[in-house]
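Chemist: Given only the sequences and the hints, what does the whole structure look like? Please build it.
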Amino acid sequence: MFDPKQLQEVAEGSKCYESSVAKTLAKNPERKENFTTGGGIPLKRTYTPEDLEGLDYSKDLGFPGQYPYTRGVQPTMYRGRFWTMRQYAGFATAEDSNRRYRYLLSQGTTGLSVAFDLPTQIGYDSDDPMAIGECGKVGVAIDSLADAEILFDQIPLDKVSTSMTINAPASVLLAMYIAVAEKQGTPMSELSGTIQNDILKEYIARGTYIFPPKPSMRLITDIFEFCSNNIPKWNTISISGYHIREAGSTAIQEVAFTLADGIAYIEAAIKSGQDPNVFGKRLSFFFNSHNDFLEEVAKFRAARKIWAKIMKERFGVTDKGAQMLRFHTQTAGCTLTAQQAENNIVRVGIQTMAAVCGGTQSLHTNSLDEALALPTDKSVRIALRTQQIVAYESGITNTVDPLAGSYAVEALTKQIEDGAWEYINKIDEMGGMMTAIEKGYPQKNIQDAAYQYQKSIESGDRIIVGVNKFQVEEDMSERKLLKVDASVGVNQIKKLRAMKESRDNVKVKDCLEAIRKGAQGEDNLMPLILDAVRHYATEGEICGILRGVFGEYKENVVL
Amino acid sequence: MMDRKIRVVVAKPGLDGHDRGAKVVARAFRDAGMEVIYTGLRQTPEQIVATAIQEDADAIGISILSGAHEYCFKAIIDLLKEKNASDIIVFGGGVIPETDYPTLLGFGAGAIFGPGTPTTETIAWLEKAVAEKRAKEA
Numbered sequence: 113m114f115d116p117k118q119l120q121e122v123a124e125g126s127k128c129y130e131s132s133v134a135k136t137l138a139k140n141p142e143r144k145e146n147f148t149t150g151g152g153i154p155l156k157r158t159y160t161p162e163d164l165e166g167l168d169y170s171k172d173l174g175f176p177g178q179y180p181y182t183r184g185v186q187p188t189m190y191r192g193r194f195w196t197m198r199q200y201a202g203f204a205t206a207e208d209s210n211r212r213y214r215y216l217l218s219q220g221t222t223g224l225s226v227a228f229d230l231p232t233q234i235g236y237d238s239d240d241p242m243a244i245g246e247c248g249k250v251g252v253a254i255d256s257l258a259d260a261e262i263l264f265d266q267i268p269l270d271k272v273s274t275s276m277t278i279n280a281p282a283s284v285l286l287a288m289y290i291a292v293a294e295k296q297g298t299p300m301s302e303l304s305g306t307i308q309n310d311i312l313k314e315y316i317a318r319g320t321y322i323f324p325p326k327p328s329m330r331l332i333t334d335i336f337e338f339c340s341n342n343i344p345k346w347n348t349i350s351i352s353g354y355h356i357r358e359a360g361s362t363a364i365q366e367v368a369f370t371l372a373d374g375i376a377y378i379e380a381a382i383k384s385g386q387d388p389n390v391f392g393k394r395l396s397f398f399f400n401s402h403n404d405f406l407e408e409v410a411k412f413r414a415a416r417k418i419w420a421k422i423m424k425e426r427f428g429v430t431d432k433g434a435q436m437l438r439f440h441t442q443t444a445g446c447t448l449t450a451q452q453a454e455n456n457i458v459r460v461g462i463q464t465m466a467a468v469c470g471g472t473q474s475l476h477t478n479s480l481d482e483a484l485a486l487p488t489d490k491s492v493r494i495a496l497r498t499q500q501i502v503a504y505e506s507g508i509t510n511t512v513d514p515l516a517g518s519y520a521v522e523a524l525t526k527q528i529e530d531g532a533w534e535y536i537n538k539i540d541e542m543g544g545m546m547t548a549i550e551k552g553y554p555q556k557n558i559q560d561a562a563y564q565y566q567k568s569i570e571s572g573d574r575i576i577v578g579v580n581k582f583q584v585e586e587d588m589s590e591r592k593l594l595k596v597d598a599s600v601g602v603n604q605i606k607k608l609r610a611m612k613e614s615r616d617n618v619k620v621k622d623c624l625e626a627i628r629k630g631a632q633g634e635d636n637l638m639p640l641i642l643d644a645v646r647h648y649a650t651e652g653e654i655c656g657i658l659r660g661v662f663g664e665y666k667e668n669v670v671l
Numbered sequence: 343m344m345d346r347k348i349r350v351v352v353a354k355p356g357l358d359g360h361d362r363g364a365k366v367v368a369r370a371f372r373d374a375g376m377e378v379i380y381t382g383l384r385q386t387p388e389q390i391v392a393t394a395i396q397e398d399a400d401a402i403g404i405s406i407l408s409g410a411h412e413y414c415f416k417a418i419i420d421l422l423k424e425k426n427a428s429d430i431i432v433f434g435g436g437v438i439p440e441t442d443y444p445t446l447l448g449f450g451a452g453a454i455f456g457p458g459t460p461t462t463e464t465i466a467w468l469e470k471a472v473a474e475k476r477a478k479e480a
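The listed protein sequences derive, respectively, from chains S and L.
Convert by adding 112 to the 1-based position in the first sequence; the result is the number in this note's numbering.
Convert by adding 342 to the 1-based position in the second sequence; the result is the number in this note's numbering.
Hints are not guaranteed to be accurate.
When the alpha-carbon atoms are kept at most 27 angstroms apart in a straight line, the in silico DSS-like pairs for lysine-lysine are as follows [as the list claims (entries may be wrong)]:
(1) S:567 / L:347
(2) S:156 / S:526
(3) S:606 / L:416
(4) S:595 / L:416
(5) S:556 / L:347
(6) L:416 / S:592
(7) S:117 / S:127
None of these hints come from the bench; they were simulated from the model.
Modeler: Structural data, given as structure tokens:
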């Protein structure tokens, strides 16, 4: 980026600077011996053109909307349209959640994001013994199409895009969404949205797996194929680093393990006979936006660059859409403090700016009270307003990739890129991500990083305002929190049983039997699941059949 | 003072997959010289109680972030009573509103540690609680 003469001048200036630093240090030492990013990357006192030696603008950065997309996936980014403001929400019953969605839409959110309760995420109906105590707690309880119809009541699915955090039973919930849309008069070809559908990170970090890896990968590639043919605007997967980071990984590990998961999905889909130029266009990603502003901005930029290279060079993908890493971001839940919870508004604000400077396509901002409970309407509104203030008032949206060319940001982007490649290469050497997971490799790395993080807080190396410094006594009993009542579960079970009595049970039995046969064979399971869902087969019934054929995953406990 | 190491079961009841806290605490207990049995995810109250009895544990530490804490604490404490094992200390942490602490303590939990609690505080509490329990038994 710089000619030799300029670099020589910088080198001379740098000597001069070092000697002035030495004088300053003799009088006033720095706050710490070593400075690092939040994720542990060593930081220099200052960055100069010398740190960018070898950086080739056209090859390494390029222009926005051009390979390797370091500077963003679209040519105009937020000058054209802001990111999708998409707040993850869902609790209690379909009625309660539908009300929350309509409230969010009335307040200016531009896409929905459905949080399901744990029984739904793990393929149990609300009346399953495994579901006791969990119904409606961390999300909405959806047992059948009857619940999904209520969930999306009066929400125009031809206009709103919906993201669903559903993994192991993704096929079933996607089928319900398609069936509701059909009832509203919208054919599936017009639907847009995302299913998370990322089982590998469930094994690594999130825990809502059902089936073993092999049949799980088949369900995923079945969805890729079905959507390529029928729902061209649907994001078939959201390959997620978010939960990997929440589990305690560093920024570099978040990028590396997520993209290594991505490689595993691409390989599985190619093996099933699909073209990465086609299904590759509908892969999306999901990252965390943590506290260290510069590191996070660099991370998003590095992730785009690495993925473009993987798609182009490793998989020979020529379609530009399939080379682009498009991603959703959520601010880091693990940075929220229960202490002086109002301070979380500021943390979320900084994390929002990082996601936007990093070029996110959509964003969820956490609410200030989420270290304590589900967010209230008011705290959700503040979280959404935070995005709107950054969008409309901060000015950082008016020029594309505004931090490009910062010596520090470009140097960090390169360091994250190099660090991530090291892990990716190591995972390749181990035989790919599935083997690495079996060996507990990503799990162990994440846990080590989480433990180091906790120790650095307890030693005072890492300051968390309000937690290990600037504490105050607080009366928490005064705080208004949202609570999901136990009656939600009781009523949901009643509704489920009534629904089962009113449906055509002979037809349901036939549909379930067809799924069993399909699972034993090799045909795409999506059409069979869609048929069953249309006849009000429940999620627990469908997953129960699949559990019978596929078996269940047993966690590899690593400590 | 302690003739035998503290044995503690760190348990993840219910369907909750958030295990960062449980694993960090389990490691901190181990580094503090305790013997730690970590159950892994999706344990029913029955499984957790059976593990604690089989392992002759002094205590069960429950980590739960899914909001199902009232059900899980009650079920585990009731089962311990039923099996004549209520000498086993039950404590826990996670995303639990402070307003629910009295309910859980009322069931018989020894302590609840919220987000941001230093592991040293939990360790000190557990050491003291186990010492008192053993003194009573001796």
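Chemist: Take the hints in turn and mark each one as holding or not.
Modeler: The hints, checked one at a time:
Of the pairs offered as hints, the one joining residue 567 of chain S and residue 347 of chain L holds, with about 23 angstroms between alpha carbons and a cut-off of 27 angstroms not exceeded. A hinted pair counts as satisfied when its Cα atoms are at most 27 angstroms apart, and residue 156 of chain S with residue 526 of chain S qualifies at roughly 14 angstroms. For the given pair, residue 606 of chain S sits about 24 angstroms from residue 416 of chain L by alpha-carbon distance, which is consistent with the 27 angstroms threshold. This hinted pair checks out: residue 595 of chain S and residue 416 of chain L have alpha carbons roughly 18 angstroms apart, not beyond 27 angstroms.
As the CA atoms of residue 556 of chain S and residue 347 of chain L are separated by approximately 26 angstroms, the hinted pair is consistent with the 27 angstroms bound. For the proposed pair residue 416 of chain L and residue 592 of chain S, the alpha carbon gap of about 24 angstroms is at most 27 angstroms, so the pair holds. Of the supplied pair hints, the one linking residue 117 of chain S and residue 127 of chain S holds, its CA atoms being roughly 16 angstroms apart against a limit of 27 angstroms.
Violated hints: none; the structure is consistent with every hint.
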